[in-house]
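Participant: Residue strings, one per chain:
There are 2 protein chains.
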Amino acid sequence: VSAKAARTCEPPISDLIARALHTPGLISFAAGLVDEEMLPAKEVAAATRRVFAKASGRLALQYGTTPGLPALRQALVAHIAKLEGQPAARMGFDADDILLTTGSQQSLYLIAEALLDPGDIVIAANPSYFVYTGTLASIGARVLTVPMDEQGMQVAEVGRLLQKLDAANELSRVKFIYCTSFFQNPTGLTLSLRRRRELLDLARRYSRGHRILVVEDAAYRELQYDGRALPSIKSFDRANQYTVLTQTFSKPFAPGLKLGYTVMPPDLMQQVLRLKGNHDFGSANLSQWLALDLLRSGAYRRQVQKLKKQYTRKRDLLLRAMRDSFPPGIQWTMPQGGLYTWVTMPANVDTGPNGQLFARCLAQGALYVPGEYAYGPDAHGQIDRRHLRLCFGQVRTRDIKEGVARLARAMTAVLGKGEEAGRG
Amino acid sequence: VSAKAARTCEPPISDLIARALHTPGLISFAAGLVDEEMLPAKEVAAATRRVFAKASGRLALQYGTTPGLPALRQALVAHIAKLEGQPAARMGFDADDILLTTGSQQSLYLIAEALLDPGDIVIAANPSYFVYTGTLASIGARVLTVPMDEQGMQVAEVGRLLQKLDAANELSRVKFIYCTSFFQNPTGLTLSLRRRRELLDLARRYSRGHRILVVEDAAYRELQYDGRALPSIKSFDRANQYTVLTQTFSKPFAPGLKLGYTVMPPDLMQQVLRLKGNHDFGSANLSQWLALDLLRSGAYRRQVQKLKKQYTRKRDLLLRAMRDSFPPGIQWTMPQGGLYTWVTMPANVDTGPNGQLFARCLAQGALYVPGEYAYGPDAHGQIDRRHLRLCFGQVRTRDIKEGVARLARAMTAVLGKGEEAGRG
Chain A
1 VSAKAARTCE PPISDLIARA LHTPGLISFA AGLVDEEMLP AKEVAAATRR
51 VFAKASGRLA LQYGTTPGLP ALRQALVAHI AKLEGQPAAR MGFDADDILL
101 TTGSQQSLYL IAEALLDPGD IVIAANPSYF VYTGTLASIG ARVLTVPMDE
151 QGMQVAEVGR LLQKLDAANE LSRVKFIYCT SFFQNPTGLT LSLRRRRELL
201 DLARRYSRGH RILVVEDAAY RELQYDGRAL PSIKSFDRAN QYTVLTQTFS
251 KPFAPGLKLG YTVMPPDLMQ QVLRLKGNHD FGSANLSQWL ALDLLRSGAY
301 RRQVQKLKKQ YTRKRDLLLR AMRDSFPPGI QWTMPQGGLY TWVTMPANVD
351 TGPNGQLFAR CLAQGALYVP GEYAYGPDAH GQIDRRHLRL CFGQVRTRDI
401 KEGVARLARA MTAVLGKGEE AGRG
Chain B
1001 VSAKAARTCE PPISDLIARA LHTPGLISFA AGLVDEEMLP AKEVAAATRR
1051 VFAKASGRLA LQYGTTPGLP ALRQALVAHI AKLEGQPAAR MGFDADDILL
1101 TTGSQQSLYL IAEALLDPGD IVIAANPSYF VYTGTLASIG ARVLTVPMDE
1151 QGMQVAEVGR LLQKLDAANE LSRVKFIYCT SFFQNPTGLT LSLRRRRELL
1201 DLARRYSRGH RILVVEDAAY RELQYDGRAL PSIKSFDRAN QYTVLTQTFS
1251 KPFAPGLKLG YTVMPPDLMQ QVLRLKGNHD FGSANLSQWL ALDLLRSGAY
1301 RRQVQKLKKQ YTRKRDLLLR AMRDSFPPGI QWTMPQGGLY TWVTMPANVD
1351 TGPNGQLFAR CLAQGALYVP GEYAYGPDAH GQIDRRHLRL CFGQVRTRDI
1401 KEGVARLARA MTAVLGKGEE AGRG
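Here the protein sequences come in this chain order: A and B. If you count by our numbering, then the first sequence holds residues 1 to 424, one letter each, in order. If you count by our numbering, then the second sequence holds residues 1001 to 1424, one letter each, in order.
Hints may be right or wrong, so weigh each one.
Stated by the list, open to error - Quick look at which bits of chain B chain A covers, simulated, 3 or more residues with Cβ under 8 Å:
| # | region |
| --- | --- |
| 1 | 1076-1087 |
| 2 | 1109-1116 |
| 3 | 1199-1209 |
| 4 | 1265-1279 |
| 5 | 1316-1330 |
Just so you know, the hints here were simulated from the structure itself, not pulled from any lab data. Values in this document were obtained by computation on a predicted structure and should not be read as measured data. Beta carbons: idealized from backbone N, C-alpha and C, even for Gly.
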């Protein structure tokens, strides 16, 4: 096999999925899937009818183009501008700067492929979205991490890291900073407004011999339940030079269309388009025609509203159940959007797949994602093993309380407080 | 940019497409698109209704899995077995050995990515499908070519090449032999039955230190208009060890689903799945659910029949018009299937994009694909420039005669026989 294939590991989550399938009655807070009862079957069926009712609609079944359907890219310019609260022209991009991909994952992959040679450096938050850090490792990149706090990625630490790399003459290997800026997977945390500007400034400042990009993953952006809507990092990059912004139809609408979209600087677009030409010369055209209809008809907007309502309810149920039944000494994040909360156990607990807590949760019939999957080594080479990710996306509303009770019993047992085991 | 991005060129066809767009009234035999009037809008609309009529149908909008929908992979085992005229078990594969991808191009890409490091060797026919040889070059592979004749790729020449590489101690760099075995793009030629066995035997025989695969691209297989249906090379590989077989819904049904499928040996599948996990963790799920319905309902089969009828008509019109109006001294293939015929001009004619013939055709209002796009250098480093590819897929039936007349006028003029220019 190729060197790249040899570097490409089985994703750790595969093992979890296999365990879940072999445990009947399991309540899973693990997989990052969406709410199944809310999948917009009627809306997509109606969109299909509308598309094919017109004679031109049959072109949805022809080959598309590598960048994707022009009218959809145009509609997405307007969509992003609305989210940002300002016209796209003020942010220096138009439809030519938008790429449609097979989910936003493909876009993130292509950007990594366009920019990274083995040994190159990507800076990311710790923890980060583990599918993508796995992808980066497969390409041979070194992922250097900085810690997070309640305001998201610690941008001051990014600055210190860049300074250190500069001093060590390694700045030339740094190609981009990866940041999930809204309701991050896995923590649910959001990068503060101030840090958005600061991160972009850092990228600009250190783009000396070559450009250092900010790759902003905004998959969860539209699933906001409370708080003030923030502009993207991209929105401050007035000439569309230093940031890439990826969004998707998967989380705010439906994963089955498998459609992501990305705004990127024109020179990067040129490189990425050539690569995508070799990968598949364009994502599924039918999905693109449907997405265009869904945006134009308002069905997309209505579905986002419905999902926000449903996920707000599920998040509230989850957080309340945790508050009511988790034993003392455990902390968790209060996400204002997205699908995740991030739980921190006392320092002596190992949440890993071979640890006691994981085994006891499974025995109780509940599944979570061990935090170590999302952690790279910190500056001292240590991996933090006391966290876990809970996803309230797919779990059924009626199972949340019972699922949390099961987690709570396992936690209580592991923390040596057997007498509280029945509390939930 | 990365070394890979630096190796990745603009596909030559882009320039053709741009020229076509800027020439109103052009009759194009260039793009490998399918017949637009035949796109199965009603059939796909009906399939969508059927899928969403069931409550389970909304799962078409959830995430799928990386290998693809199990029921569809199962249905495709049966579909391939029917094409081969023997049960899949006799060919050593089942649904676990089938991967669904974003068109068969993605599968061909992933296989190259899994197997090739820069400097590795792929053996291909000359000419070959140029999108894929471009992909191989982007990955850094060396594509060594062997000539074709009326029976397809000259397999004896593959044997001689392997022998030579063995003697030069380069056999370890040879990873696979790429062969479009049915109605090849660009020539329309088919590998003979005898050569199918011989090619597999060669791959087996030279798989000493490592395996040398046959990658069989069968995109056009189902679009057969005359002659006897041949089994695939894969069908002779009883233990599913030495061949990869790629097929697609794009050519025999509709490109807009963007769905390809591939049978491959289990160990290769494992590598490819990991890579695909990083690319996109699964192609569009909705397309897969629709494809399953289309296969089960018989709509797929009926569409293949319709397309075969239509393309037979177009092929016959094209070949008749060529016979009636092309000046003497020109030869072309008589394809029994697929979408292409391959035209050979006298040796002194340069069909390239900067040659006289191309310019004159464009001036007349007709477009073809220059043969040099599909040619690698031969054993003497020469590129043959006297061929051109005509595609009868997208051109409208009523435009074929006029389009050929325009080509004929240009050819006549270039061949210095101006007095025949008006004949068509």
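Participant: Next, verify each hint and record whether it holds.
Facilitator: Against the structure, the hints come out as follows:
no.: 1; hint: 1076-1087; in the structure: violated (count 0)
no.: 2; hint: 1109-1116; in the structure: holds (count 5)
no.: 3; hint: 1199-1209; in the structure: violated (count 0)
no.: 4; hint: 1265-1279; in the structure: holds (count 6)
no.: 5; hint: 1316-1330; in the structure: violated (count 0)
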